[in-house]
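**Student:** Sequence:
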Amino acid sequence: MLRFDPFSDLDALTRGLLTSQTGSSRSPRFMPMDLCKIDDHYVLTADLPGVDPGSVDVNVDNGTLTISAHRTARSEESTQWLANERFFGSYRRQLSLGDGVDTAAISATYENGVLTVTIPVAEKAKPRKIEISHTGNQKSIQPTTVEAG
0 MLRFDPFSDL
10 DALTRGLLTS
20 QTGSSRSPRF
30 MPMDLCKIDD
40 HYVLTADLPG
50 VDPGSVDVNV
60 DNGTLTISAH
70 RTARSEESTQ
80 WLANERFFGS
90 YRRQLSLGDG
100 VDTAAISATY
110 ENGVLTVTIP
120 VAEKAKPRKI
130 EISHTGNQKS
140 IQPTTVEAG
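When we follow numbering that gives the first Met the number 0, the leftmost residue of the sequence shown carries the number 0, and every step to the right adds one.
Per label pair, the in silico range of CB-to-CB distance:
id : residue 1 : residue 2 : range
1  : E130      : G49       : 49 to 57 Å
2  : I131      : P48       : 50 to 58 Å
3  : S77       : A103      : 48 to 56 Å
4  : E130      : F29       : 43 to 51 Å
5  : F29       : E122      : 28 to 36 Å
6  : A103      : R127      : 19 to 27 Å
Capping the alpha-carbon separation at 25 Å, the derived lysine-lysine pairs in DSS-like fashion look like this:
id : residue 1 : residue 2
7  : K123      : K36
8  : K125      : K36
9  : K36       : K128
FYI, nobody ran anything at the bench for these hints, they're computed from the structure.
Note that the Cβ used here is the ideal one computed from N, Cα and C, for glycine as well.
My request is simple: use the sequences and hints to build the entire structure.
**Tutor:** Shown next, in the form of structure tokens:
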């Protein structure tokens, strides 16, 4: 009995597209990242171990945040590999940013193989208290006194 898996062809195609960039089956598969909101900003952390800090690029264009980096493979001809499992090549990740972020104030640091991108919430998107105004058309009510008598 043959089992039909409609996704196996899609998986094979995806693997082929991901590996064709460098011609190696060991090209990076993905850039693991976390994204959370802390107070009035978002914090994105991405794991990029062994990546040259000079190859890390973070930019914003038309509401899209793009992170790219490159890890170079060892090119020593005299190397005799006993295990060769680390990925090398180019990493790239894109995220769509909403209107509620301040793209001009985005900052990034790279330390110990971890890229941290801080994305502030725009002032216009921050929660605020709305002041309630009162109109001058209200009639004032005068207290009345009742005399006992």
